[in-house]
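K.L.:
In order, the protein sequences belong to chains C and U.
Mapping the first sequence onto the working numbering, position 67 (from 1) lands on 67, and the numbers just tick up by one.
Mapping the second sequence onto the working numbering, position 34 (from 1) lands on 149, and the numbers just tick up by one.
Don't read these hints as lab results, they were simulated from the structure.
Please read all numbers here as calculations on a predicted model, not as lab measurements.
Any given hint might turn out to be false.
[To be verified] Calculated cross-link-like contacts (lysine-lysine; reagent style DSS-like; alpha-carbon spacing at most 25 Å):
{"no.": "1", "chain 1": "U", "residue 1": "164", "chain 2": "C", "residue 2": "41"}
{"no.": "2", "chain 1": "U", "residue 1": "217", "chain 2": "C", "residue 2": "41"}
{"no.": "3", "chain 1": "C", "residue 1": "55", "chain 2": "U", "residue 2": "225"}
{"no.": "4", "chain 1": "C", "residue 1": "41", "chain 2": "U", "residue 2": "225"}
{"no.": "5", "chain 1": "U", "residue 1": "184", "chain 2": "U", "residue 2": "217"}
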Amino acid sequence: GAVVSQHPSWVICKSGTSVKIECRSLDFQATTMFWYRQFPKQSLMLMATSNEGSKATYEQGVEKDKFLINHASLTLSTLTVTSAHPEDSSFYICSARTVNSYEQYFGPGTRLTVT
Amino acid sequence: AQSVTQLDSQVPVFEEAPVELRCNYSSSVSVYLFWYVQYPNQGLQLLLKYLSGSTLVKGINGFEAEFNKSQTSFHLRKPSVHISDTAEYFCAVIHAGGGYQKVTFGTGTKLQVIP
């Protein structure tokens, strides 16, 4: 149980275009989902926290207009990287947790390459 | 504020030898502790967690960790490593309280098992 999927697993896009990444909890209802960014050989950096039906809470330094997060249902959250640039190339990982649970379940990640 | 320190960025060890990956944390309140493993180009997989109870926690793949409150440590150990254990290992901490809980990750330790 507690499986989180991400789609796509790998995406290449041209500079200036937007790309959407989906995060789904497959067998549980995720009241809260988290989006992380991971640079090569570094730890995970929390970008934002989203609660179902509410606006996402962004971490300091993360541009909310560039990284649009939607958590429209208890099983789906999306991250849209708008007007992507090469510096946005990174590994994006989502995680999800249920209400009253401390544990986060992580998705397999999405590698974004902006050319 | 809480923080997690993984002093060793890389740990090379011969196959079938024991290994210890160190993790120290700092927090003014009680915390829950986790160890995650990340294989290349994949998300994070939970190895083990400490929430309460016995300070020696056993996880998957033969790993175990011991919570030491006085030393504020949560070191990960395995008595005999395999080639397949080569991966990045992250220690993480969450406040043991209600409400919004942000996970703080360490910087990771790359375990390299040498045949």
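K.L.:
Against this structure, judge whether each hint is valid.
P.N.:
Do the hints match the structure? See the list:
no.	hint	in the structure
1	U:164 x C:41	holds (23 Å)
2	U:217 x C:41	holds (22 Å)
3	C:55 x U:225	violated (36 Å)
4	C:41 x U:225	holds (9 Å)
5	U:184 x U:217	holds (21 Å)
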